[in-house]
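Student: Chain by chain, the residues run as shown.
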Amino acid sequence: MVYARLILMRLFKAVIVLFLIVIFNFLLIQLAPGDPAAILAGEAGAADQEFLNQLRERFGLDQPMYVQLWRYVSGIAMLDFGYSYRLGVPVFDLIMARLPATLLLTGTAFVLSLVLGIVAGSMAASRVKKPSGSLIMALALVFYATPLFWVALMSVVVFSVYLGWLPAYGLYTVGAGHTGFALVLDVAKHLVLPATTLALFFMAIYTRMTRTSMLDAAQQDYVKTARAKGLKPSIIQRRHVLRNALLPIITLAGLQAGQMVGGAILTETVFAWPGIGRLMFEALQQRDYNLLLGIFFFSAALVIVFNIITDLVYSLADPRIKKGAA
Amino acid sequence: MKKPLALAISAAALAFTSAALADDPKEGGVVNTIIQPEPPGLVLGMVQNAPTRTVSGNIYEGLLRYSTDLEPMPQLAESWEVSDDGRTYTFHLREGVTWHDGEDFTADDVVFSADVFHRELNPSARAVLQHVESIEATDDHTVVFTLKQPFGPFLLSFEAGTFTMVPEHLYAGTDFRDNEHNDHPIGTGPFKFSNWERGTVIELVKNDDYYEEGLPYLDGVNWHIIPDGASRAVAFENETIDVLPSGTVENFDIPRLAEMDNVCMTEEGHEYFSPFAMLWMNNREGPTADKRFRQAVMYAMDREFAKDVLWNGLGNVPLSAFGSNARFQNDDLEPYDHNPERARELLDEMGYDGEEITILPLPYGETWTRWAEAVQQNLREVGINVETQATDVGGWNQRLGDWDYDLAFTYLYQYGDPALGISRTYLSDNIAKGSPWNNVEGYENERVDELFNEAATAFPDEEREKLYREVQEILHEDVPVGWLMELGFPTLYRCDVQNLVTSGVGVNDGFKDAWLDR
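Residue numbers (my numbering), protein chains in the order written: chain V, 1 to 326; chain A, 1001 to 1518.
Chain A extracted, bound-state conformation:
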C-alpha cells in the first residue's frame, strides 16, 4: 500500500506543476470543501483551534507567510530587517491595504493586534511576547519590534494563526469577547466572510478589493459541515466536495478515494505544524517512572508497521524529540529500531514485575483506536501487561490534565522551531496541572532546562545548533515521552483545482492562489 500511494503523490505533484506552467489561471468558480469539526468562532486570536485557523486563514492575514521550506515570505509586511544583534526587527508594511469594511490598514493596527489584543487573549502569542520589550509604530507603514534578548524563532511567529492582524478601529476599547463584530469577522485577506449557517455551511466570498493584483481567482469558498466521517467520504465521492483537507476522512478511506478518477493528493502544506505524534509516559510513578522501562517501550514498538498500515506509508518515523521539519535535528543519534529482544533485556534489568499499566488512545477516530491496539500488542509481546482505556475528548483532557494515566497518545504541532513547538514538552517550569499541552509527563532535568533556555535566545543559529544537539542526546537517552511519528496528513482534491497548496500551512491560507480549471 505504501509504494503506490507515495508514487501517486509524486505523480500528482508532477502533473500539477506542468499543468500550472501550461495554463494561465482562470477566474471564477466556487470551491466546496469541508471543515471538521465546526469551529466555535472565526476570530483568529480569540479562538486558536485548528478548524478556525483553516477557515479564517483566508479571511485574516499575518505580517508574513511561510513557504513549504518554512522560509518567510511577504504578506502584510512587504519587507523586513533584522539588526545585527538579533534584537530589533523592523517591518515595512504594504501600502494601500484596506480592511474588509474599507478602512485603511496601518501600523497602528499591528501594534494594537500584537501588544493589546493577542497579549490579552492568545496564549501562543503570549509565549512569544514574553521575549518582546516594545512594539512601536515609527510611521504609518513601519513597525519596530525590540526584543529583550535575541529569540531565534521570532521570524517564524508571524503566521496568521499566531499573530493575526485584527482591526483596531473595531476592537480598541471594547470587551473583545463580546464585540459585536465577532459574528462577522473583518480581516484584510483574499476572502470575506459572507454567511455561516450553523451546522450546515460557512461561506466566504471573493474580496474584490484585495491588494494583490488579480487575486484571488475564485469567487468563493464554501466550507461544508458534515459531522460523520463516512458521510464526508461519500460527499467527496459523489463530487459535491472538491477538497478534503487533511484529517477529514479516516485513513483507511484514503487509498480508496485517492484511486478515483480526477483525484489528486498532496502531503505538502503541513510543514509549519508538522504534527508530531507522541506517547505520553508518566515519569512520576509506576513502571513508567523508570528510564529503562521507557526505553523498553521504544524498542518494543514497531513504528514502521504503524506507519505503513495505519498511515498508508505517509509520514516519518523520528529519531528522537526533534522531527525532520523542525530545525537543528541531530541525526547522529542511534535510532530506536523495533527490537523486542532489547526491550525484554531492559525490562529484566529493571526487574519489572508485570504490574498492569493502562494506555489511553487519542479519542480522534478509528485510526487512533487501532494504533493503540497495535502498540498494546507490541508491548504485550515483550511481556508488558497493558490494558487500553477508551475515553471521549473531555475525559481524555481531564485524565491528562490531572496526570492520571500511564501511557497516552497525543500529537503536538512543531511550529518549525524547537523553541516554539518542542521545548514546551520537556521544560520543567512547564509542568502544571490542568492542561494536556504542557510538560504532561512530568520530566525534570536541570541540564535540559538550561540548554533549551539558552538555545532559545542564543544568536546566531550556529550557537543554537550546538546547544540543541546536546539536548537531543540527553532526551534520546532519557526518553521522557515516546516518539511515534511525524504524521503525514494528505490533502485530497479534484485535480482541476490548481495551485491549492502554496505555503507551509497548506489550505489554511491556500485558496488565495487557487483556481479552477473547469
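Chain V with its partners taken away, still in its complex shape:
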C-alpha cells in the first residue's frame, strides 16, 4: 500500500512537471531562428509567396502565438501530438516507428555498460595495488576521455573496412530478405558496433564509480566486523561491500536510463541506425517543431518514469531508505 501511494503521488507530480515542460519547450523553440515554412520552401529550391502562405496556413503558423500554444497544449492533453511539418505524418506514428530501434540500441548499451562496468570496477577494487587493477583503470580512463564519434568511426574502419567482420551501418542487411532466426542474427550483428560504442563511455564511468565506492565501503566498520567474524573475502566483497557501494551506481544508472530515448544522436547518425536520436536531429535541422516537441515530450516523460523507478530501486537495494521518504 505504501508503494501504491508513493507511486500515485509521484505520478501526480509528474503530470504537473510534464505540463510545465510542454509549455516551456514550446516557448523555448520559438526563440530559435528559422521559420519552418521558409525552410521547407528553401529545401524545395523554388518558392513563391503562394507556396509559403499555403504552408503557413496548413501548419497553423499564420495564427498568433497564444493560439498556437493553446492548440498544441490542448492537443497534447488528448495525446494528439499533431503532424510533422516536413513529412506530413502524425508525430506519434513517427516516434513509435523509431522507438523499437532506439530502445534496442540504448537498452543493449545500458545493460552492457552496467554489467561490464560493475564487474570491471569490482575487479579493480580488489586489485588496488596490482598491475591488472591499474590496467583496468587506465582503460576506463581512455574510454572515458575518447570522443564518441571517433570511437565510432575507428571501429567502423577496423571492424568493417579492414577486417570485414561486422556490417558498418544500418539495422539489417537491405535486400537480403532474412526472416526468423536469420533476421535476429543479422540485426544482432548490426547491433554490435553501435551498442559497444555507446556503452564504452558509461562503462568507464561505472567502472570508476564502482571501484571508488567499493574502496570507500571497504573502510566501513561493518566490513571490519564481517572480516573479524571470519567470513570469506569473496562473500564480504559481494554481500557487504558491493551492495553498499551500489547506491551511487543506481543514481547514475537512473540518469543513463532516462537518456535512452534521445541520447544516442551521434551513434545513430554514424551507424545509420534508424532511431529517435536521428529523427530528433533531423527535426531540429528542418525546424520541424511539432516533431521536435513530440520527441522532447517523450524524452521528458521517460526521464520522469526512470526517476520514479530509481527511487523504488533505492529502497530495494538499501532497506534503510524509508519507503515514504522518497
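No lab work stands behind these hints, which were simulated from the structure alone. Keep in mind that the hints are not guaranteed to be accurate.
SDA-like cross-link-like pairs, simulated, lysine to any residue; straight-line CA separation at most 25 Å [unchecked claim]:
(1) A:K1433 with V:P64
(2) V:K189 with A:R1198
(3) A:K1433 with A:L1362
(4) A:K1433 with V:V174
(5) A:K1433 with V:R56
(6) A:K1433 with V:R58
(7) A:K1433 with V:L284
(8) A:K1026 with V:V174
Covered by chain A, according to a simulated footprint, are these stretches of chain V (three or more residues, beta-carbon under 8 Å) [what the hints assert, rightly or not]:
(9) 58-72
(10) 124-135
Quick caveat: nothing in here was measured; it's all calculated off a predicted structure. Even for Gly, the Cβ is constructed at its ideal location relative to N, Cα and C.
Dock chain A against the given chain V, drawing on the hints supplied.
Tutor: Frame of chain V; chain A shown alone:
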C-alpha cells in the same frame, strides 16, 4: 590532382562506350545506391527537392526527357509540333501506356497534371504556367498547349521534376496533400514504388508492364539512407553501395574513392540543372552596395584555386551570369581573373574604410566551409575586413530571407535556359522577403528587367540571343552577385553498372536504361 581525375573521367567514358557496344545488356540484378538527405515524400510536384527528384524520377515521368546536350527526347509524348508563331505546342502521346495500378494513361491525365495539380502545388510549374493560355485534350492521345505569347524555354519545362504526370483518377477532387496514395506513389515510370523503411531504405521494383520494350533491365533499385558522409564513403568502399550519386560524399573523399579498383566516375548527367555557385552580395547597404566593391571582390577571389583544390579540378569558372550549360552565353566578356592589384585599386577608389563585413558559408558540409575560408583569405589579402559566420540550414534560410547578410554562398540550378534559371536572380519584381531563392541581393535595374522580360518571350532564338548578350554586358559591369563556379558534381559507380547516365538529369531518371554486367 586536377589532371589525373579529368583523365580518369575520359578513360571511364571510353571504357564505358566500348563495353556498351561490345555486350548485349543483361537482365536482372538490383542496384544499391544512396539518397541523401532522406526525402520528405515521393510525390513529385507536391515535393520538389533534390532527393525526391532523384528517387521519384524513376517512378514518375514527364512528357519529355532531355539529352546531355539538352535536346528534347520523347518520353510520354512520342512526338510534338510547334506552330510557326511559337504559340501552339501539340504533343502526341504514346499509346498503350498504363499507370502502375493498371489504369490507362491518357490526355486527360496531362491536362489534369499541368492545369490543376501543378498549378495548385508547384511553384516552379506556376512560373511556366503564367505564359500558358489554355491546355486542351483534343483526343485521348493529343494535348495542345496554347501560350499567351511565345516563351522560348517552353520545351525545356517538361522534365519529370517540373511537370510530372500524375494520375487524374487518384487525385482529381481530393485534397492533394492528404491523399491516401501519397504514401504509395503511382506513376508510369520504369520502376514501381515497393517499400520505404524510414531512416533505412527506399525500395523500387521493376515495372513489368513498362511500355518501352525490354526496359528496364534491373529488377530493382534500393536507395540506402545513411546520414553521415564518412559512413556513406565506407559503404561505397566495402561494396555495399554500387552508385554514389553526386553530392553524397565530401569532395575530399572523391579522389580516394575514384582510384579504387572497378570504380568509374562521370561528370555527365547534370547539364539540365548545371548548379551555379554564387556569392550573394547585399546590394542594399554596407560596402557591398557599391559596385566597385563588388567588382573588387570578383578580382580578389582566386576561383581557379577553389576549383582545383576544393572541387578536384571538376566544374567550370564562369565569365559572368550565364554558365556554359545555359544557352546564349556571351563569351566576348572580359573575364574577372584573379587580380589583387586591381581589387585594391577599386577599393581605394571607392574609399573603403575597412568596415567589417560578414560571410555566410552554405551549411552543406565541409567543402563549403573550406570554400568560405578560402574566399575569406582572398578578401583579406586585398584589405577587406571579413569574418565568417557559421549557421545551420534553418539559420541560413532565415538570414537570407530577411536580407540580413553581407556576403553569402549559395548555388542555383540553371535549368538549361536563362528564362528558367537565371533571370530569377536579377529581375527586380522577384525581390521579396522570406525566400532564399529569388532576387536576394536586391539588384534593381530597369534596363535589365526589360531585356530579360523581352528575351523570355522573343521569337525566334536569334532575337533572344541579341537581348541576352546585352543583358550579360550590363550584369558583367554591375556584378549584382559574385559568380563562383558551375559546379562539377561527379557520380561514382562500379564500372560494371552499365549505361547509368543517359540523360541531362543523370541518375534522376537513369536507372531505366542501366544494367549490371555481373
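Student: Evaluate each hint against the coordinates.
Tutor: Hints, verified against the model:
no. : hint                 : result
1   : A:K1433 with V:P64   : holds, 20 Å
2   : V:K189 with A:R1198  : holds, 20 Å
3   : A:K1433 with A:L1362 : holds, 19 Å
4   : A:K1433 with V:V174  : violated, 44 Å
5   : A:K1433 with V:R56   : holds, 15 Å
6   : A:K1433 with V:R58   : holds, 20 Å
7   : A:K1433 with V:L284  : holds, 23 Å
8   : A:K1026 with V:V174  : holds, 23 Å
9   : 58-72                : violated (count 1)
10  : 124-135              : violated (count 0)
The structure fails to meet hints 4, 9, 10 from the earlier list, while all remaining hints are met.
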